[in-house]
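Protein chains: 4
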Amino acid sequence: MARETRIHRLSMSGPEDVSAILARIGRGEIAPAAIRAILGKTEGNGCVNDFTRGYAVASLKAALAPLVPPGALDRISMVMSGGTEGGLSPHWLVFEEIATDAPAGPPALAIGVARTRALAPAEIGRVAQAELVREATLEAMAEAGIADTAAVHYVQVKCPLLTAERVAHAGGPSAVATTSMIKSMGLSRGASALGIALALGEIEPQVLTDAAIGDDWSLWSGRASCSAGVELEDCEVAVLGLSDAWSGPLRIAHGVMADAIDAPAVADLLAGFDPAFRAQLSPAGRDRFVALLAKAEASTAGTIRGARHTMLDDSDISSTRHARGFVGGMLAGLTGTTELFVSGGAEHQGPDGGGPCAAIWREG
Amino acid sequence: MARETRIHRLSMSGPEDVSAILARIGRGEIAPAAIRAILGKTEGNGCVNDFTRGYAVASLKAALAPLVPPGALDRISMVMSGGTEGGLSPHWLVFEEIATDAPAGPPALAIGVARTRALAPAEIGRVAQAELVREATLEAMAEAGIADTAAVHYVQVKCPLLTAERVAHAGGPSAVATTSMIKSMGLSRGASALGIALALGEIEPQVLTDAAIGDDWSLWSGRASCSAGVELEDCEVAVLGLSDAWSGPLRIAHGVMADAIDAPAVADLLAGFDPAFRAQLSPAGRDRFVALLAKAEASTAGTIRGARHTMLDDSDISSTRHARGFVGGMLAGLTGTTELFVSGGAEHQGPDGGGPCAAIWREG
Amino acid sequence: MARETRIHRLSMSGPEDVSAILARIGRGEIAPAAIRAILGKTEGNGCVNDFTRGYAVASLKAALAPLVPPGALDRISMVMSGGTEGGLSPHWLVFEEIATDAPAGPPALAIGVARTRALAPAEIGRVAQAELVREATLEAMAEAGIADTAAVHYVQVKCPLLTAERVAHAGGPSAVATTSMIKSMGLSRGASALGIALALGEIEPQVLTDAAIGDDWSLWSGRASCSAGVELEDCEVAVLGLSDAWSGPLRIAHGVMADAIDAPAVADLLAGFDPAFRAQLSPAGRDRFVALLAKAEASTAGTIRGARHTMLDDSDISSTRHARGFVGGMLAGLTGTTELFVSGGAEHQGPDGGGPCAAIWREG
Amino acid sequence: MARETRIHRLSMSGPEDVSAILARIGRGEIAPAAIRAILGKTEGNGCVNDFTRGYAVASLKAALAPLVPPGALDRISMVMSGGTEGGLSPHWLVFEEIATDAPAGPPALAIGVARTRALAPAEIGRVAQAELVREATLEAMAEAGIADTAAVHYVQVKCPLLTAERVAHAGGPSAVATTSMIKSMGLSRGASALGIALALGEIEPQVLTDAAIGDDWSLWSGRASCSAGVELEDCEVAVLGLSDAWSGPLRIAHGVMADAIDAPAVADLLAGFDPAFRAQLSPAGRDRFVALLAKAEASTAGTIRGARHTMLDDSDISSTRHARGFVGGMLAGLTGTTELFVSGGAEHQGPDGGGPCAAIWREG
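Residue numbers (my numbering), protein chains in the order written: chain F, 1 to 364; chain U, 1 to 364; chain X, 1 to 364; chain Y, 1 to 364.
Calculated directly from the structure, the hints in this document are not laboratory data. You can trust all of the hints, since none of them are fake.
The calculated BS3-like cross-link candidates involving lysine-lysine, where the alpha carbons are at most 27 Å apart (straight line), are:
no. : chain 1 : residue 1 : chain 2 : residue 2
1   : U       : K61       : Y       : K61
2   : F       : K183      : Y       : K183
3   : U       : K183      : X       : K183
4   : X       : K61       : F       : K61
Since this is a predicted model, take the numbers as computed values, not measurements.
Hey, can you work out the whole structure from these sequences and the hints?
Dropping the structure here:
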């Protein structure tokens, strides 16, 4: 008796549209109680005043509440990433864990979830947060039955941020890493990413200082994807990797884009399951393709391979929107689909201007 | 004694920055009197209130006026395309025509320019305009020494639009194709593109009616790139192709993207001069790469390969900006550079949602 | 035994924040069953991809559903207007109708609601819609106990729009007023406004033709406020006016702004209940002030009193956002508060570039 | 023989349109050599990537260069403020100084200009800059023949900012006030404003510390209007006030808006020359009105008179654009015109969320 992950990639016509999920539930193809996580790519601006994320979560909760046992709803990790710039397409990724009596096979896609304790405001964006995320990552790995850090290919963290009230509660500006809400989002994402890097052995503990967070971009995780949300006080960690405690056809691997136009890194990743890949997944490869999860951001240097970009100087469009659309275009060209989970805000998640990229596919 | 095209791809730090051009002139690498055309990718929004195009042209004219004979300035075709969304990089493409006594070789990059007479407002966006552009395209081909339409790979047209004054002058709304300035830009670009299609034999004359312009997207040219500008009354046509009257190392070819994520079409184009191409130009291929000129737009159906896009519903960012950034990301991934001439507004320029793409490279 | 309107102007921290309403209900200051209408000014862009309106309605419904009898929720008119540009402040306006045994006084604020039948797609944006809205306006007046059209000061209509499916269902493009979703919103708002104008005797029936809707801006209502929503098939009409069947301290009056800077028209309106008004409501006037409901839009001529405005040429910010912020600033200066219900899209609602403006206040 | 200021308020159809100025020169109504300053309100976003300012200055210089003696062009202060949000109208304000033999009258509008030495990068945004601006303000007053600080009503400063190169040249991050270009603009404007406040006796020297700049918003000048520009290394100061060394009909006065909706403060200012003012300048008042120069910004507290505003949370539109349009609407309502010089970025220029406002009018 093994565990098995099932993934449903389902389109939405807006953040309130959960009809595709309910239809699969209605047909018995999704068991509500088996849902472990739902990722959503929604069509807001992905910045401060993006209400599509909250609306999507509220819509999911309202739809699922009558269908799951009391308390179960809160155990489903729901991570919404705003922003479908360019041709990116709004969609849900529903992760189920089911029990299977399929014969044992090679290591299959495993999912594990854990949470830290509530963070004190003074801990947010600092080494203390990274430490807590490190522990929760290891817990989530254990929960997923993944022993080897090399078998971890994607770690999603939702983490808290600093608000005016939290700063006041902490004892004022001198007690916290920053008083800027938007800056605290970046620091919190960065601290979470470095916590993942610690857990996965991507950085040494001694290099990690409060000052390095949000500053020393040479430190990063190639498997982290972090988002900050005002509704949390703790950090919620979901680990995706390969484990022989899990069965079924799904597999995962990852690559790291060195910059915003690092198509070869992604091509290598895709060619891993599509030998016929050339500039785009072959028809056979596209049949096996399940999901791509990537981070995108504008390089802080203001250049890509020496040529100036204008993302950081554009006062009409946020650089995160530019970066998602641009990297999204490259990834859509490579995969041949626009339902991709490309999110912004990649502090310490891959190198400056680049980002991690994980692919999930179906074997045989 | 043959003709030879030289191309200089030069970065700019803003629309007023012509320093890189002046530096080359100062070093004798550009002869001002030899300049036939300057294309510029500037960092505005590419829409109605984009002043970077006019500012760039004014800057070019102010800089070049003292360096060329009287009257010569007006014979240089200057086409600015606004919008460097995502990681696209602002740059100039300076086209020179020089005389060379290099030994005859295979057909090389040729450039020819022609102009129509001034259009009456009632002709704009209609078959009459297409007819005029057809003639000018054939003239420009002749001027370039290109006899075979198959040897034409890129035709740039700058065309006029309708303003309130022009509508009034024409005798009012009933006399013109539209009274909307923004709509007239699309119709003018579309009529120009269909004029090119006529000249190149891509469509039959009998299918072209006033009603089809801006409506029947099954009619298109795979080599047209058109932009409308308020400052013109005539259409300015620049043809790029291959001709054995021209010498030198530069070559050109084109492909047509069937949709916004048609990486394979571009890969085929690039592999034509870079046998080592896989997901991106190889280092050797990048050395030989000179320029990529492409059109991008949001599909009117609101979907890409069946998945919904949100470009046409976004009231914060124009769909043309979304499309340029997204397709630009794919093209930058494929070429390994962000200095690409990607422009929007692709009516009848390639299929709906796709667009033409021309590459220029240096032979061995 | 008379009827009495109570209004609660309550701030919100986001479209999901109904806490202020629930708090009043908790303290017995609002009786859920007495709620007739809720207007909300939410902080989206007020354009196509504004999800704050739907999110606000979903939040209201989720909060009120357990508190009202079955079916009652659908009888509450909920009208959300997106866009708090400039310093405008997101807020709710909750309208209750209660029974009172207060002694009869002068005519007081009355509210009446009515709905048309479902519209056929072919009727949307045409005289047929105006006719239906005319009837519903008269019904809502009757329901409110208002006999004299001069006693009507504000009519809010929510009306349907055309979608691709509705167009198809109607038999294709030739059967409907337009195939453009965004254009159909304007035509539907305009037809509704002219229906109100018919009901209130502001225009003569014979001047109203399909061709005049969305074109002849000399036809307008000075009391109409219309918004189009994809979720409706019928039109929902709420009338506010004065009636001696109603009691209590609330009063209403209206004015019409001739253009976007017609401060004197609004000053006259405010001075009607604040004799000490000069450039702004006096402290006493502000105490009595309850709500201001106004429409704003960019003049189609592109000028305000002869000076060019840039709202229609700005491809970065929609003209409706510009107009709301600008007129909102003038109205906030005049009232001394930023919780104002200023909405955009004012076709046939006041003269071109101007708009209706209604004030509600509390008598001594 | 006295000095006299003449002001020409002239509309523009775009940043390149200097035709109205040239027309007045052609008719002998403007003497090019008499031009002391040109203020321009241009239609860009007023933020980092606003090229309308540079384009306007380039257009002015190209047009005036042939008309003034060598060197004279550089002595004309040209200050462009980007952003005509809402209904604000792009226009020029040309200030001439002419010699007149008009009989002596009451103190009239005087203009004086001065420049600081070039600032070291380490001085920018610090007390050192304020000191230099204080001196230059006093010099400009002297040049204008204004002895009494109470007679100064408007001080325009153009000041430098920090770029990456300047930071590097200064010896790196530890040597400068900030490494962020956008932040340095605010600090430079703020330091300039506090320099003006020092000169005018609005603050005491001992309260001014480096730490207070950009932080202690209780310190401000009610007559400062500062803008930062990348093209300068020094600060350019233009003082407007009243002096009995000047003659002619022009007068100036100022008020301070306590917040973004402080209509009464502006009404008091306007009523000073228009006794018939009520909610808007009377026709007679409008005839005498010449110019209004004001600052606008979003209050850092996120509220206006206790009600939340959304300007600081809007990731689609910069808060400076929101504030200009909103305050612009109020000022346009009060004056009855939209050709107003409303600019953003009001650090230490008026109280937090409010701003200085100066009016110029024509006597009798």
